[in-house]
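There are 2 protein chains.
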Amino acid sequence: MNIKASPHAGVRGPADHSIRDQILLAADEHFSYYGYGKTTVSDLAKAIGFSKAYIYKFFDSKQAIGEAICHKCLSSLLDKVREALGEGSAAADGLRILFTTIAAGSTDLFFSDRRLYDIVIYSTGEKWPSSQEYERQVRELLKNILRQGRETGEFETRTPLDDQCRSIFLAMESFVNPLLLQHKLDGIPAAIDDLIKLVLRSLTP
Amino acid sequence: MNIKASPHAGVRGPADHSIRDQILLAADEHFSYYGYGKTTVSDLAKAIGFSKAYIYKFFDSKQAIGEAICHKCLSSLLDKVREALGEGSAAADGLRILFTTIAAGSTDLFFSDRRLYDIVIYSTGEKWPSSQEYERQVRELLKNILRQGRETGEFETRTPLDDQCRSIFLAMESFVNPLLLQHKLDGIPAAIDDLIKLVLRSLTP
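Chains as they are written, first to last, in the UniProt record's numbering: chain A, 1 to 205; chain B, 1 to 205.
Take these hints with a grain of salt, some might be off.
Derived BS3-like pairs: lysine-lysine, alpha-carbon spacing no greater than 27 Å straight-line [said to hold, decoys possible]:
#1 K197/B to K143/B
#2 K80/A to K197/A
#3 K197/A to K143/B
#4 K197/A to K197/B
#5 K38/B to K38/A
#6 K80/B to K127/B
#7 K143/B to K127/B
#8 K62/A to K72/A
#9 K80/A to K52/A
#10 K197/B to K143/A
#11 K57/A to K46/A
#12 K72/A to K52/A
Per label pair, the in silico range of CB-to-CB distance [said to hold, decoys possible]:
#13 R147/A to E29/B: 51 to 57 Å
#14 K72/B to L25/A: 51 to 57 Å
#15 E156/B to R147/A: 49 to 55 Å
#16 G153/A to A190/B: 25 to 31 Å
#17 E156/B to T157/A: 36 to 42 Å
#18 R114/A to L85/B: 40 to 46 Å
#19 R136/B to R114/A: 27 to 33 Å
#20 E140/B to K52/A: 31 to 37 Å
In silico negatives: residues of chain B with every beta carbon more than 12 Å from chain A [unchecked claim]:
#21 T101
#22 T152
#23 E154
It should be emphasised that the hints constitute simulated quantities derived from the structure, not laboratory data.
These numbers come from a predicted model, not from an experiment.
For every residue, glycine included, the Cβ atom is placed at its ideal position computed from N, Cα and C.
Taking the hints into account, I'd like the entire structure generated from these sequences.
The following block contains the structure:
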């Protein structure tokens, strides 16, 4: 599998966003209906009324199309998180909001568009750049919240920030990683609440 | 699917352990080779040279045979944990040993007998009694270690024991639950070490 280095890898050709979006929209529908594995670039071409060659002017493979869809999907999830985080709340609330919003958004996607969720799972399993970028950004959001809590004296500072960040990400990973989340859908709010309480006990100054 | 109430559910008939074991051994080999889903009770009967009716004297379904194999497999994993836990070590070491031994044993199984691991995954996904009993016993081992640490003053006692136990199990679940572990095989020792340190910080008196 041809793994590229950026979430926009494989996107190429004329800078005509409306055509690119049209291809993505058709691909999204096709993947949602027939599944990512069963859809070919020829199917997409037929559905949109473009030639296969024309589609290849915009995306260099089916994976590049899948990547763009995953990127859009995960970016929109992260936008929701950033919006929910807002500004000025205590770091403890930030932790709660971060993981609750991610889990809620992912669960919504799982139940409302299972086949799209399956592409996201696929991208996570294959370590596509889109899912790696998502993970990197979740870690960054987490680190910012921890930094804030350390600065205000809300969290302990004996443990290095990187160690705190890495271990908390591991503790919460089942609710961030779509591959794991699919097995943890029962009792999510209570489980996150329990885990956040444990994490906060670990951060006591 | 006919879910039974105990790990021995579906096991019946004459109390002849050697024949029961012979059936389990043949089933284990067959499942390991052809997979649980593709093996029928008729296949097993042929392989052992028994009639199908005779096998049904000992197990009332294919699931009952699968259950017995999972039970054996998970019991042997728990035996290793109990042996490693030994006696007299500090509660912090106990926590480390508990989760490290479980993860190591499960990883060994994953790499040495993938198809058997797949039956265990199947049993976890379907919440078979064998895997539920395994989870119950891991929680019990965890609770005993926490109780010991609370009694010796090694761990804090402000948080109720049940809350500590539930949240720590959640934090470590990816290394206990075979369904989750299959996605977490990279970097296990370091990840467990990080998580145990977080858990110990949360238990500081």
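Hints not upheld, ascending by number: 9, 15, 17, 20
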